Amino acid sequence: MASAALPTDEPPAASRFAAGKSMGETIFHAACLASATLLLATLSGVVISLAIGGWPAFQQFGFGFLTSSEWNPVTEVYGAAGPIVGTLVTAFMSLVIALPLALGVAVFLVEFCPRSISRPIAIAVELLAGIPSIVYGMWGLFVLAPWFAEHVQLPLIMEAEPGSWQDKLFAGVPNGANIFTASLILAVMILPYMAAVFRELFLTIPPQLREAAYGLGCTPFEVIRSVVIPYVKRGIVGVVMLGLGRALGETMAVTFIIGNAHTFPDSLFASGSTIASTIANEFAEATSDMHSAALVALGLVLFLITFGVLAIARALLGGQKY
Amino acid sequence: MDRTLYRRISNIVFVVLTAAATLVALTALVLILWSLVSKGIGGIDSKIFTMTQPAPGSEGGLSNAIMGSLIMCGLGMAMALVVGILAGTWLSEYGGNTPYGHVVRFLNDVLLSAPSILIGLFVYELLVRPFHGFSAWAGGVALAIIATPIVTRTTEDILNLQPSALREAGMALGAARSFVIRKIIWKAARAGLVTGGLLGFARISGETAPLLFTALGNQFFSTSLTQPMASLPTTIFQFALSAYEDWQRLAWVGALLIAIAVLSINIIGRIIAREARRS
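Respectively, the protein sequence lines represent chains A and B.
For the first sequence, our numbering begins at 19 and goes up steadily by one.
For the second sequence, our numbering begins at 86 and goes up steadily by one.
Everything labelled a hint here was simulated from the structure, so no lab data went into it.
Just so you know, not all the hints are guaranteed correct.
[As the list claims (entries may be wrong)] No more than 20 Å apart at the CA atoms, straight line, and that leaves these computed lysine to any residue pairs for SDA-like: (1) B/K272 - B/P248; (2) B/K124 - A/E43; (3) B/K268 - A/L51; (4) B/K272 - B/A257; (5) B/K268 - A/M41; (6) B/K272 - B/G255; (7) B/K272 - B/I357; (8) A/K251 - A/A329; (9) A/K251 - A/L334; (10) B/K268 - A/G42; (11) A/K251 - A/P164; (12) B/K268 - A/A329; (13) B/K124 - B/K268; (14) B/K268 - A/H47; (15) B/K268 - B/L284; (16) B/K272 - A/G42; (17) B/K268 - A/A48; (18) B/K132 - B/E144; (19) B/K272 - A/E43; (20) B/K268 - A/S40; (21) B/K124 - A/P164; (22) B/K124 - A/F160; (23) B/K268 - A/A49.
All figures in this text were calculated on a predicted structure; none of them were measured in a lab.
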């Protein structure tokens, strides 16, 4: 009894933080691993549930689901070419608008702007990147669309001679809700995001590179064109892909303003639809099982497109954290 | 001489173009904020917070939507924080460099930028269709799926920033790995973890698309997690697309409230992150 203080051969009882494979240690490790696996399971779950839910539509319409543009819940015929083309067209147009602007903003903030103004602007741009897309959508619906219809669309339609190429290009209901204004809203939405990431990208360039180029007598323009841009080329393409991914999958900003027609967009100011806007508009009120299956199948198409784009972006950006 | 002139002019043109791009971008963003404030500020009064959403033409507020947003964002964040912090910890401290770790990190990045409406569809197939009904639970889960990758990402980044000397010091004292992580690394990274949580919270508080087919919306005040629940974004969506002017006015008020909430959460997150870096 009294020999408790004597050394024994038994190992000391584990104190509450002792090393070794204690029970708590195993549980904690398992919980972390399980959480990581849950992420994997979630993404797999998304793919599998979309594939299962959309299967009846693929079975019924086969490849024609992707190529036909007839979308008619009354006759139960669903072809997704309209929304698919609408998605791709609006995303690319928004990118064409936003990319030069975002690059310009980033270059200006990093290279030319006085430091005292550049930081507040950079912070403002980053904060604006976080504004929810429904706010952009509302602005598009209530402010941009009426203004655009009155001051841009109507004059263009009035001036175009009937039958000329302008007439074809600008044809459409002059209400401001069309694929062009939708692209504009998307561009305004991805602009702060892309500008913020471009700026971070430019800040990663070692100052020696710039200084060396300036030392050779380059003008700022030449430094940017020949040193800065080539140095972060891969990163730029990666950011463009991320922006594209956002534009492809954006729902609310587009749903408000694209006009929601399932036809093939045949002019710049035609009403159209995107995959996301079609799902948002119709899924809750889907009239039949085949209708919801077709919408879920659309979702799968959107997932595959964005997955491809994001995979390219990640491969190009490597381990960078955007 | 000619060449110098050409170079000088092209440079000036370039500088002017980038400044113009900045001006255009800022103008667009200022215009949006201005419409938001000018159309929304007039409608903010106590009724917004005390009365539920009205029928067209009658008086009302957004209290049910605000409450619903708070409940579902809270639910979503609770789930996202647990899973995200543990998963981020696993990536940083345990298996980040294994092949499986690379796969998880990549998939997390995909999930981070996956279209949020697809998350809504997924949760619909997972929780709404099998249980025959829209519910606040489903909305919370959908929001959690959107916030988790953000929390995971920031957790991993923050933990990777902690000096390995901290870990070694703990280990050298004989502490178990999980103890070192929980009591030393998490503690040192506390501010960063909070910031990550706030970023996730800011993101989901404005999400509309994933709630459309999960929580659906509810015109009455409801705190039941098994019933459809209103939320600010879905109510804004419904009201903005309606033909009634008073509903549209409420939609602007809601949009302004969301924008203010998101901006202030983001700003608080930044301040916390900066204070942590300073100390």
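Quick rundown of the hints versus the structure:
1. B/K272 - B/P248: holds, 13 Å
2. B/K124 - A/E43: Not satisfied, since the Cα-Cα distance of roughly 56 Å exceeds 20 Å.
3. B/K268 - A/L51: holds, 19 Å
4. B/K272 - B/A257: holds, 18 Å
5. B/K268 - A/M41: holds, 17 Å
6. B/K272 - B/G255: OK: B/K272 and B/G255 at ~13 Å, within 20 Å.
7. B/K272 - B/I357: holds, 14 Å
8. A/K251 - A/A329: holds, 17 Å
9. A/K251 - A/L334: Since the Cα atoms of A/K251 and A/L334 sit roughly 9 Å apart, the hinted pair holds (cutoff 20 Å).
10. B/K268 - A/G42: The hint holds at about 14 Å.
11. A/K251 - A/P164: violated, 39 Å
12. B/K268 - A/A329: violated, 36 Å
13. B/K124 - B/K268: violated, 49 Å
14. B/K268 - A/H47: Given pair B/K268, A/H47 holds - Cα atoms ~15 Å apart, limit 20 Å.
15. B/K268 - B/L284: Violated: B/K268 and B/L284 sit about 24 Å apart, past 20 Å.
16. B/K272 - A/G42: holds, 19 Å
17. B/K268 - A/A48: Given pair B/K268, A/A48 holds - Cα atoms ~18 Å apart, limit 20 Å.
18. B/K132 - B/E144: This hinted pair holds, its Cα atoms lying about 9 Å apart.
19. B/K272 - A/E43: With Cα atoms ~18 Å apart, B/K272 and A/E43 stay inside 20 Å; holds.
20. B/K268 - A/S40: Holds - the C-alpha atoms of A/S40 and B/K268 are around 16 Å apart, at most 20 Å.
21. B/K124 - A/P164: holds, 16 Å
22. B/K124 - A/F160: holds, 10 Å
23. B/K268 - A/A49: The given pair, whose Cα atoms are some 16 Å apart, holds under the 20 Å limit.
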